[in-house]
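All chains should be modelled from the sequences, with the hints used to inform the complete structure.
Those sequence lines, one after another, are chains A and B. In terms of numbering that gives the first Met the number 0, the first sequence opens at residue 0 and continues consecutively. In terms of numbering that gives the first Met the number 0, the second sequence opens at residue 0 and continues consecutively.
Treat the hints loosely; a few may be bogus.
[To be verified] Within a straight-line C-alpha distance of at most 30 Å, the following computed DSSO-like cross-link-like pairs (lysine-lysine) qualify:
id, chain 1, residue 1, chain 2, residue 2
1, B, LYS267, B, LYS80
2, A, LYS42, A, LYS83
3, B, LYS267, A, LYS88
4, B, LYS267, A, LYS83
5, A, LYS88, A, LYS101
6, B, LYS59, A, LYS42
7, A, LYS122, B, LYS194
8, B, LYS29, A, LYS96
9, A, LYS101, B, LYS267
10, A, LYS42, A, LYS122
11, A, LYS42, A, LYS96
By construction, these hints were calculated from the structure, which means they are not laboratory data. Values in this document were obtained by computation on a predicted structure and should not be read as measured data.
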Amino acid sequence: MIRHVRAAIAAAALAGAGGPALAHHSFAMFDREREVVLTGVVKEFQWTNPHTWLQLNVAGPQGATTEWSIEGLSTGTLSRQGWKPRSFKPGDRVTVKIYPMKDGSAGGSFIGATLPDGSTLGKM
Amino acid sequence: MRALLLAAAAAALLGGPALAAPASAPPGAKLPAFADLPDWSGVWIGDNGSGWDAPGITPKGGIAGLPDVREHPPLTPEWEKKYQANIARVAVDRYPDPVSTCGTPSGFPRLMSIPDGYEFVVRPEQVWILTENGPNVMRIYTDGRPHLGPDDIWATYMGDSVGHWEGQTLVFDTIGLNGDPHTILDRTGLTYSDKAHVSTRLRLVDKDTLQAQITIEDPVMLTRPWTVTKRYRRQPPGARIYDYVCSENNRNPITATGQTLTLGTDGKPIDRTVETGR
Chain A
0 MIRHVRAAIA AAALAGAGGP ALAHHSFAMF DREREVVLTG VVKEFQWTNP
50 HTWLQLNVAG PQGATTEWSI EGLSTGTLSR QGWKPRSFKP GDRVTVKIYP
100 MKDGSAGGSF IGATLPDGST LGKM
Chain B
0 MRALLLAAAA AALLGGPALA APASAPPGAK LPAFADLPDW SGVWIGDNGS
50 GWDAPGITPK GGIAGLPDVR EHPPLTPEWE KKYQANIARV AVDRYPDPVS
100 TCGTPSGFPR LMSIPDGYEF VVRPEQVWIL TENGPNVMRI YTDGRPHLGP
150 DDIWATYMGD SVGHWEGQTL VFDTIGLNGD PHTILDRTGL TYSDKAHVST
200 RLRLVDKDTL QAQITIEDPV MLTRPWTVTK RYRRQPPGAR IYDYVCSENN
250 RNPITATGQT LTLGTDGKPI DRTVETGR
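Below, the structure written as structure tokens:
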């Protein structure tokens with residue numbers, strides 16, 4: 000399920016991050032000292048505010064599938080960064096990097112993604 | 000200009016409104032000439048970090064809203080105590096951002112320090128600061144009117160702002176702010192009181208960089224005036240402001256205990272622990 004987990008160099012990563020990643024609520028629920036990389040199939044991409052949401056079905060080692068809720072920036076900021084309302088299409092197999100939720104639930108804050116054609120969004 | 004003067008003279012002769020004082024301005028208002036005002040058109044993005052006073056955050060580079068991150072304004076003992084209590088709540092993720100309810104704007108002055116796009120609309124009689132995030136709409140009267148009087152003013156999210164132009168610099172003064180607990184300065188837990196008086200100087204420092212120098216005076220919060228500087232970068236030509244309706248799909252509601260939840264698409268929390276406060 001989780002292909003790759005590594006500790007980020009926390010202080011440097013935070014200092015280099017610039018502005019706040021999330022606009023609308025406290026993001027203390029995310030573990031910003033860890034990055035998790037998930038590969039799965041897009042179930043739904045919610046192009047909405049205050050956050051965009053990627054619903055990603057990720058298969059576990061025993062074949063059971065877990066649906067992850069991955070929170071992204073607002074539609075306005077992503078539009079100005081070149082995203083499209085259909086940047087993720089249902090059925091696409093994608094690899095996504097997130098800051099996971101601290102409590103281990105199937106959610107996280109979007110960092111970057113690699114799309115089926117090899118192009119990337121965010122920071123991969 | 001000649002054409003404008005002629006038009007004004009013609010309007011005056013015909014009994015129509017004079018250009019120098021449109022219907023929106025008070026009688027006798029003296030307005031700056033449109034052509035003398037700076038070009039602040041386009042979309043702007045703040046480059047201000049996550050805190051009100053990003054350079055003053057400790058630990059250095061810390062992100063407002065994460066545990067043990069704070070700023071160091073000249074706080075009164077009363078406000079330092081309040082700030083410490085908020086910092087303790089941030090440490091356990093029980094200090095929800097007031098805007099998370101999707102019912103209220105950031106308010107001023109916090110709106111000068113938020114993500115997403117800005118527009119600064121310059122007109123002779125008013126300047127409008129429009130933020131995509133929120134959204135927030137801030138009006139600054141530059142037609143010479145005074146602040147609302149003591150019998151007419153009440154505490155609000157945006158306050159009451161009047162200003163004037165010193166050359167290409169907009170200088171404005173804001174009172175009548177509601178402050179704590181309605182609005183915050185940032186997610187470290189820093190707030191201000193309803194006695195805050197904010198003075199702002201806004202000007203271009205180069206063609207595509209706007210700078211705001213913002214001084215808060217607040218006898219309840221601060222022992223002396225506190226000034227921070229913020230910058231905004233003009234986006235490439237053609238950039239747009241987009242729709243932002245916070246309640247469109249808010250999957251992060253707040254519980255009675257201040258826990259920020261994350262909802263799945265079925266509307267149920269995915270969090271392992273959910274406090275009900277009961």
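Are the Cα atoms of LYS59 (chain B) and LYS42 (chain A) separated by 30 Å or less? 40 Å, violated
Taken at face value, is the distance from the CA of LYS194 (chain B) to the CA of LYS122 (chain A) at most 30 Å? 43 Å, violated
Has the given pair, LYS88 (chain A) with LYS101 (chain A), been kept, meaning a C-alpha gap of at most 30 Å? 28 Å, holds
When you check the alpha-carbon spacing of LYS42 (chain A) and LYS96 (chain A), does it fall within 30 Å? Measuring from Cα to Cα gives roughly 17 Å; hence the hint holds.
Assess, step by step, whether the Cα of LYS42 (chain A) is no farther than 30 Å from the Cα of LYS83 (chain A), and give holds or violated. Roughly 17 Å between the alpha carbons, so the hint for LYS42 (chain A) and LYS83 (chain A) holds.
Between the alpha carbons of LYS29 (chain B) and LYS96 (chain A), is the straight-line distance 30 Å or under? Cα-Cα ~57 Å, so violated.
Straight-line alpha-carbon gap LYS267 (chain B) to LYS80 (chain B), limit 30 Å: 37 Å, violated
Holds or violated: LYS267 (chain B) and LYS83 (chain A), Cα atoms, limit 30 Å. Cα-Cα ~28 Å, so holds.
Between LYS267 (chain B) and LYS88 (chain A), is the straight-line Cα distance small enough, at 30 Å or below? Judged against 30 Å, a Cα distance of about 24 Å means the pair holds.
Take the C-alpha atoms of LYS42 (chain A) and LYS122 (chain A), compute the straight-line distance between them, and say whether it is at most 30 Å. Distance ~22 Å between LYS42 (chain A) and LYS122 (chain A) Cα, so the pair holds.
Below or equal to 30 Å on CA atoms is what counts here, so check LYS101 (chain A) against LYS267 (chain B). 18 Å, holds
Checked against the numbered hints given earlier, this structure breaks hints 1, 6, 7 and 8; the rest are met.
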